[in-house]
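Student: Sequence:
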Amino acid sequence: MGDVPGASDRVSAQERDVIFEITRIGDVQRVAAVDVASGIEVVVQAPANAALVDVRNLALRKLQRALKGGDDAAGGEGGDGRPGKLV
1 MGDVPGASDR VSAQERDVIF EITRIGDVQR VAAVDVASGI EVVVQAPANA ALVDVRNLAL
61 RKLQRALKGG DDAAGGEGGD GRPGKLV
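Position 4 (the sequence shown) corresponds to 4 in the UniProt record's numbering; numbering is contiguous.
Among these hints, one or two may not hold up.
[Stated by the list, open to error] DEER-style ranges, computed between Cβ atoms: (1) E15 / P47: 26 to 36 Å; (2) K68 / G26: 12 to 22 Å; (3) K68 / I19: 12 to 22 Å; (4) E15 / N49: 29 to 39 Å; (5) D27 / K68: 28 to 38 Å; (6) K62 / I25: 14 to 24 Å; (7) R24 / N57: 14 to 24 Å; (8) G69 / A32: 13 to 23 Å.
FYI, nobody ran anything at the bench for these hints, they're computed from the structure. Just so it is clear, the structure is predicted and the values come from calculations on it, not from any experiment. Virtual Cβ for every residue (Gly too), placed ideally from N, Cα, C.
Please take these sequences and the hints and turn them into a complete structure.
Tutor: Okay, here's the thing in structure tokens:
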């Protein structure tokens, strides 16, 4: 999987199947994490020399937040009626 463009991997996280797709684009690696059951996908980008385990963990945490967050994680309304999320 490593530096192979378009490589993917599948793991079970908290009893959920997650597919990871890692694509290297120049000096950047793009990591997509997809929850198999819901089809929800998140994407993170990191330097190409970042450790794969760290980038996968980051994508997994972002996916877990998207799965549990409802409107808050998926954008939704930002407290003042405008779209977006207050940070």
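Student: Does each hint hold? Answer for all of them.
Tutor: Results of checking the hints against the structure:
no.: 1; hint: E15 / P47: 26 to 36 Å; result: holds (32 Å)
no.: 2; hint: K68 / G26: 12 to 22 Å; result: violated (33 Å)
no.: 3; hint: K68 / I19: 12 to 22 Å; result: holds (19 Å)
no.: 4; hint: E15 / N49: 29 to 39 Å; result: holds (33 Å)
no.: 5; hint: D27 / K68: 28 to 38 Å; result: holds (33 Å)
no.: 6; hint: K62 / I25: 14 to 24 Å; result: holds (19 Å)
no.: 7; hint: R24 / N57: 14 to 24 Å; result: holds (18 Å)
no.: 8; hint: G69 / A32: 13 to 23 Å; result: holds (18 Å)
Against the hints set out earlier in the document, a violation occurs for number 2 only.
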